[in-house]
Amino acid sequence: MKRLFYLILLLTIVTACKEVFEAPPQALLQASFYHSTTKRTMSPIVTVIGIGSDSLLYNEEIASSVLLPLAKTDTSHFMIWIDSKSDSISFIYTTTQKYASMESGFYYEYKLRSVGFSQNRIDSVEIKDSLVTTKWNENIKIYIHPLSVSNN
-8 MKRLFYLILL LTIVTACKEV FEAPPQALLQ ASFYHSTTKR TMSPIVTVIG
42 IGSDSLLYNE EIASSVLLPL AKTDTSHFMI WIDSKSDSIS FIYTTTQKYA
92 SMESGFYYEY KLRSVGFSQN RIDSVEIKDS LVTTKWNENI KIYIHPLSVS
142 NN
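So the sequence shown is residues -8 to 143, counted in the working numbering.
Keep in mind that the hints are not guaranteed to be accurate.
Claimed, not checked - 25 angstroms max Cα-Cα, derived DSS-like pairs, lysine-lysine:
| hint | residue 1 | residue 2 |
| --- | --- | --- |
| 1 | K119 | K63 |
| 2 | K(-7) | K63 |
| 3 | K89 | K126 |
| 4 | K132 | K102 |
| 5 | K102 | K76 |
| 6 | K63 | K132 |
| 7 | K102 | K126 |
| 8 | K63 | K102 |
| 9 | K63 | K89 |
Derived by calculation from the structure, the hints in this document are not laboratory data.
Take these sequences, add in the hints, and give me the full structure.
So, in structure tokens, the structure goes:
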């Protein structure tokens, strides 16, 4: 009987413990790809590397959009290969620290101020929603030059 009591007590203690830490929400910039002439969505083969963080975010993936993590500073830079042609893209923004909860702590939200880019495959970039929050939605539209027939 005494063993049963200790067993029940032990099981109660073990099941009452819960993981206290929850990962904070993360605000990611969503960039979608569009054909520069037809304005229709595209799904090119995409590779994305974060400059300065040396992180491979996408590796030759077919994607109509990508989610990009922004740095806590006021600028982030990425190299993006669209169908094997490279471009660089840079974001300038302001950061705001937000409180999520006691379990997960603080996270950052961003307000896009400008976008700079090279023009190998990228024709233009439109800021659709400048506020980058934890509710992922399309923040920028990247308009892409069509591949010429000789590149096929």
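Consistency of the hints with the structure:
no.: 1; hint: K119 x K63; verdict: holds (22 angstroms)
no.: 2; hint: K(-7) x K63; verdict: violated (56 angstroms)
no.: 3; hint: K89 x K126; verdict: holds (14 angstroms)
no.: 4; hint: K132 x K102; verdict: holds (16 angstroms)
no.: 5; hint: K102 x K76; verdict: violated (29 angstroms)
no.: 6; hint: K63 x K132; verdict: holds (23 angstroms)
no.: 7; hint: K102 x K126; verdict: holds (14 angstroms)
no.: 8; hint: K63 x K102; verdict: holds (12 angstroms)
no.: 9; hint: K63 x K89; verdict: holds (12 angstroms)
Figure legend: structure checked against the earlier numbered hints; hints not met, in rising order: 2, 5.
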